[in-house]
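Visitor: One-letter residues, chain by chain:
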Amino acid sequence: MKPFDYARPGDVAEAVRVATLPGAVFLGGGTNLVDHLKLGVARPDLVVDVRTLTSREVTDTEDGGLRAGAAVTNSELAADRRVRERYPVLAQALLAGATGQLRNTATTGGNPLQRTRCVYFQDVTTPCNKREPGTGCSAIGGTTRNHAVLGASQACIATHPSDMAVALAALDACVQVLGPTGERTVPFTELHRLPGDDPSRDTVLEQGELITAMGLPPLPAARTSAYRKVRDRASYAFALVSVAAVLDVRDGVVQDVRIALGGVAHKPWRATRAEQALRGGPATPDAFAAAAAEELADARPQPGIDGGNGFKVPLVTRTLVATLRDLTAAQEG
Amino acid sequence: MDAEISLRVDGQAHRLTVDTRTTLLDAMRERLGVTSPKKGCDHGQCGACTVLLDGERQLPCLALAVAHDGAEITTADGLAPPGELHPVQQAFLDQDAFQCGYCTPGQVCSAVAVLDEVARGWPSHASTDLTADPELDHDEVSERMSGNLCRCAAYVNIVPAVQQAGGRS
Ligand SMILES: Cc1cc2nc3c(=O)[nH]c(=O)nc-3n(C[C@H](O)[C@H](O)[C@H](O)COP(=O)(O)OP(=O)(O)OC[C@H]3O[C@@H](n4cnc5c(N)ncnc54)[C@H](O)[C@@H]3O)c2cc1C
Ligand code: FES
Ligand code: FES
Chain W
1 MKPFDYARPG DVAEAVRVAT LPGAVFLGGG TNLVDHLKLG VARPDLVVDV RTLTSREVTD
61 TEDGGLRAGA AVTNSELAAD RRVRERYPVL AQALLAGATG QLRNTATTGG NPLQRTRCVY
121 FQDVTTPCNK REPGTGCSAI GGTTRNHAVL GASQACIATH PSDMAVALAA LDACVQVLGP
181 TGERTVPFTE LHRLPGDDPS RDTVLEQGEL ITAMGLPPLP AARTSAYRKV RDRASYAFAL
241 VSVAAVLDVR DGVVQDVRIA LGGVAHKPWR ATRAEQALRG GPATPDAFAA AAAEELADAR
301 PQPGIDGGNG FKVPLVTRTL VATLRDLTAA QEG
Chain X
1 MDAEISLRVD GQAHRLTVDT RTTLLDAMRE RLGVTSPKKG CDHGQCGACT VLLDGERQLP
61 CLALAVAHDG AEITTADGLA PPGELHPVQQ AFLDQDAFQC GYCTPGQVCS AVAVLDEVAR
121 GWPSHASTDL TADPELDHDE VSERMSGNLC RCAAYVNIVP AVQQAGGRS
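Protein chains in written order, with full-length UniProt numbering: chain W, 1 to 333; chain X, 1 to 169.
None of these hints come from the bench; they were simulated from the model. Take these hints with a grain of salt, some might be off.
Computed list of lysine-lysine pairs in DSS-like fashion (alpha-carbon distance at most 30 Å, straight line) [stated by the list, open to error]:
#1 X:Lys38 with W:Lys38
#2 W:Lys2 with W:Lys38
#3 W:Lys2 with X:Lys39
#4 X:Lys38 with W:Lys2
#5 X:Lys39 with W:Lys38
Some chain W residues judged to face chain X by a derived CB distance under 10 Å, without partners named [claimed, not checked]:
#6 Leu33
#7 Leu37
#8 Val47
#9 Thr59
#10 Ser75
#11 Gly97
#12 Lys229
#13 Tyr236
#14 Ala297
#15 Arg318
These numbers were taken from a predicted model, which means no experiment stands behind them. Note that the Cβ used here is the ideal one computed from N, Cα and C, for glycine as well.
Construct the complete structure from the given sequences, taking the supplied hints into account.
Guide: Given below as structure tokens:
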């Protein structure tokens, strides 16, 4: 492991100031960063510990939403009564991720910023444009089972691994950010980037920008919401594909629907085309399948030495149909 | 870069100087001679190193020691007074819930925390109703213990051991 300095500043403002220097990274729970320090994937000069500086509370907001401080652990957020009742999709997504031990450490700020589990990104002996810009993408034509079918580029076909992030994208959460020039709020769906020709940047955050909290808007429809994750094992595995959905159905007609897909792209994929196709229409399996087809019209499965990832297209379709069917049944009986 | 930290492990206070790169697991095992937490994978994947860190089960192989100055740690060795067994340890013996024993200290710490998490009403991926009080049935226990791998595959006896310790047999 490359040597680095460690700092635990007195408050968040100082943390941001210190972290403005290139080569500085924030440390949350460390469950991703420390792994990457060991693997040589992360080689910072300075580690700025913010775990004890940001808020560890979930509070009600004036508009009827919730605000989770960046240091709230994944376990605490999933167990929060208000989250379980008002945003079940988020509690389910959190509980579908990692393990009890990891969720006790992982933070609200760190989870959405965890980096891809692409094996070539994690293996410093192989070329990777995300880890070392300009070296090429080893995944293209390699093993692609876990890779993207939507929004990928010639430079990178990695997927974003977070379950929590998929739920936050469906819920229209917002990210509170403190940076060298002050505070700003970033809609969660705009936090992560598509790879384009610069996959080294996962998000729109600039050097030194700190996530201080995650805001959940008031969304009564989210009481009927769910997260469905499909993986190689029944527990403790990253998603092959996943669906986060909020659905409001009355008399068989879709009033409101919000959908995000995991395991398919470089970012949590908000399925706006599918939502548009569904709004105001019938809540039937055929309509759900048609909406999935709409969303996946531009899907580009990757060939690969492991057989590729073409299976993701029908798998997303079936997972989406099943999720919306269950949510419809939960409301209409 | 070196840093001086203090740790309280199984009730004993320690002061030590660590490199910023040292994990909490290596600080305990290599520097303090506390070898109850085992190093299996060193990447957060196997659960062999599980301890109670500031009251919650966590993985010291993914924690930098320097970031946990002042931490209070309980390992499997410190769960009960010397010469006595914690009810979870007794249940592992009663149910024959191990073979080689390498994963066992981590399993035991995890199980102690699982019972606590269930008592607090925390849901899991196996909970059909997110808002109901969780039961210690087979699926709940195996889901909650899924972060502790056992190469000897003693799982069939680990689940009943956790249930026994939780007062359900
Ligand atoms: C074996 C294993 C299995 C896993 N399985 C899953 C799974 O199934 N699903 C899933 O979703 N996840 C899974 N994870 C990943 C886990 O959820 C993440 O590692 C965790 O959520 C990261 O949170 P953290 O607080 O530990 O982040 P850290 O490791 O501390 O940080 C992650 C990144 O975020 C940055 N950062 C941290 N906090 C802030 C902040 N406040 N502001 C700005 N930047 C910040 C860091 O610089 C770093 O780049 C798994 C991890 C392991 C080791
Ligand atoms: S050694 Fe820590 S989880 Fe494997
Ligand atoms: S008893 Fe041998 S690894 Fe679990």
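Visitor: Going straight from one Cα to the other, do X:Lys38 and W:Lys38 come out at no more than 30 Å?
Guide: holds (18 Å)
Visitor: Can W:Thr59 be said to touch chain X, with a Cβ gap under 10 Å?
Guide: With a closest approach of 20 Å, the W:Thr59 hint is violated.
Visitor: Against the 30 Å threshold, does the CA-CA distance of X:Lys39 and W:Lys38 hold or violate the hint?
Guide: holds (14 Å)
Visitor: Does the closest beta carbon of chain X sit nearer than 10 Å to the beta carbon of W:Arg318?
Guide: Violated, about 20 Å.
Visitor: Close enough to count: is the Cβ of W:Lys229 nearer than 10 Å to one in chain X?
Guide: holds (9 Å)
Visitor: Does the interface hint hold: is W:Ala297 within less than 10 Å of chain X, judged Cβ to Cβ?
Guide: At about 32 Å, which exceeds the 10 Å cut-off, the nearest Cβ of chain X leaves the hint on W:Ala297 violated.
Visitor: Under 10 Å is the threshold here; is the Cβ of W:Val47 close enough to any Cβ of chain X for the hint to stand?
Guide: holds (7 Å)
Visitor: Does the nearest C-beta of chain X fall within a distance shorter than 10 Å of the C-beta of W:Ser75?
Guide: At 7 Å from the nearest chain X Cβ, W:Ser75 passes the 10 Å test, so the hint holds.
Visitor: Can you verify the interface hint for W:Gly97: is its Cβ closer than 10 Å to any Cβ in chain X?
Guide: holds (9 Å)
Visitor: Regarding the hint that W:Leu37 lies at the interface with chain X, is the smallest CB-CB distance below 10 Å?
Guide: Constraint on W:Leu37 satisfied, holds at 7 Å.
Visitor: Take the shortest C-beta to C-beta distance between W:Leu33 and chain X; is it under 10 Å?
Guide: Nearest chain X Cβ about 9 Å off; hint holds.
Visitor: Let's test the interface hint: is any C-beta of chain X closer than 10 Å to that of W:Tyr236?
Guide: Since the shortest Cβ distance to chain X is 4 Å, the answer is holds.
Hint compliance for this structure: hints 9, 14 and 15 are not met, and every other hint is.
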